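To convert, take the position in the sequence shown, counting from 1, and add 268; that gives our numbering.
The hints are simulated quantities; they were obtained by calculation from the structure and are not laboratory data.
Below 30 Å or equal to it, Euclidean Cα-Cα: the simulated DSS-like pairs (lysine-lysine) are: (1) LYS562 with LYS593; (2) LYS505 with LYS463; (3) LYS636 with LYS395; (4) LYS396 with LYS348; (5) LYS636 with LYS505; (6) LYS386 with LYS371; (7) LYS658 with LYS621; (8) LYS636 with LYS386; (9) LYS348 with LYS666; (10) LYS419 with LYS466.
The calculated label-pair distances, taken between Cβ atoms and stated as ranges, are: (11) CYS659 with GLY579: 51 to 59 Å; (12) GLN388 with ILE595: 39 to 47 Å; (13) GLY468 with CYS659: 29 to 37 Å; (14) ASP528 with LYS348: 54 to 62 Å; (15) LYS560 with LYS531: 21 to 29 Å; (16) LEU358 with HIS617: 46 to 54 Å.
All values reported here derive from a predicted model rather than from experimental measurement.
Glycine included, every Cβ here is placed at the ideal spot set by N, Cα and C.
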Amino acid sequence: MARSQGFEHLPRAYELMGSMLSRAGLLREAELLLRDVESRGIPLDGREIFSDLIQRYAGVGWVPSRSCYYALIELSSRRKKSRLALRVSLDMIESGISFNAQKVDFGAVYKLLCEEGKIQEARNLVKKATGCGYEPCSLVLYEIVCAYCEKKDFEDLLSFFVELNHRPDLQAGNRMINALCLNSGSERANLFRRKLEKLGFKPDEITFGILIGWCCREGNLKGALVYLAEVLGRGLKPDICSYNTYDTTSNVSTYKTIVDKMKELCLIQLSSTEDPLSKAFTILRFGPLDVKLKRDSDAKFSRKEIYDTLGNGLYLDANIDEYDKRINGIIDDSFLPNFNSLMMEQCRHGNLKYALRLVDEMVHWGQKLSLSILSAIIKGICTTSYPSVKCIDYLLEKMPRSISQLDAKTLNLLVQFYSKRGRRQ
269 MARSQGFEHL
279 PRAYELMGSM
289 LSRAGLLREA
299 ELLLRDVESR
309 GIPLDGREIF
319 SDLIQRYAGV
329 GWVPSRSCYY
339 ALIELSSRRK
349 KSRLALRVSL
359 DMIESGISFN
369 AQKVDFGAVY
379 KLLCEEGKIQ
389 EARNLVKKAT
399 GCGYEPCSLV
409 LYEIVCAYCE
419 KKDFEDLLSF
429 FVELNHRPDL
439 QAGNRMINAL
449 CLNSGSERAN
459 LFRRKLEKLG
469 FKPDEITFGI
479 LIGWCCREGN
489 LKGALVYLAE
499 VLGRGLKPDI
509 CSYNTYDTTS
519 NVSTYKTIVD
529 KMKELCLIQL
539 SSTEDPLSKA
549 FTILRFGPLD
559 VKLKRDSDAK
569 FSRKEIYDTL
579 GNGLYLDANI
589 DEYDKRINGI
599 IDDSFLPNFN
609 SLMMEQCRHG
619 NLKYALRLVD
629 EMVHWGQKLS
639 LSILSAIIKG
649 ICTTSYPSVK
659 CIDYLLEKMP
669 RSISQLDAKT
679 LNLLVQFYSK
689 RGRRQ
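Please work from the sequences and hints to get the whole structure.
Quick look at the structure:
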């Protein structure tokens, strides 16, 4: 289409031209206009022109070209027009034309539908697309798994994989099992795990580590030992976190012993005014006013719990309910690695590279990255000299559905970050 050198129409003008061409029956010309405008990065709303184009093709019994379908699907997905993207995708599949599964971006449509909670629509599209030879990638399936887990509809999720005749990978399987443990307990999660294995799911040491951790949290040590035996029986190497969960009993002497060992290994240093016991409470984030160490001077009723180097009997004076609550909370958190907490700690210290490395581990353990942590990592990368655009790309690829939920400030930083590097998202 001819245009004057250095002159560019407004996006709305192109939309009107496209609609006029399609209404006049010049459908191929309308297609060419769309592709030309899109290739130059001009943003179009597209709803009116796309609807006109599809209706006109249907009215004359013609089928849009493959390239037109590809452009319509890609553009409507990027503009967050989920209904239009779904409609065009289904129309292309039902038209019977052959299409290149490598070029058509159904994945973007699935993600958009899941982001808006339209899981059944995403599921139906997957079913129809796979019937035409399209193979959904693991990332797409993981997005559908996450959407189902948020709705706690696990039986329907299982039927999805049965219907698809597809083996869940570790990322998807562990996400389901961790979500089931959280919502229904480890016993039901294990029954679900057995059903997944019948579909070809191959659990690893982390899968059983999730079950072990939740069993210990529920006080079911026998069940945890059974899972540990199964790990060993399958020739897997238990994760260190799985071993740590078995040490569920704790008292003051336990913490004191741990601090002594940490000091011996030069992991911590004590000042001249600190002793191992006070350091133990500091590590557990108890301040000097939370727990007080007192000498037992009551001859009638002994309250001594420990002895100092001079042989004096000492006891702890604290709000027992609050003390028990905090200790039990610390113990509960120790049963499973808390990746959100670990990543936030790394972000506070500016160690963004290590925080990013934890993302893969977190996904492997079936855990969900919190929006506050995602925002903290993105802000850290965008506002410091941390080098790579690939790091942001990787993070957003791992957490695509979380992008739309980020706060305006973080989203603005992302836009500025990509704009400065000549990238258009």
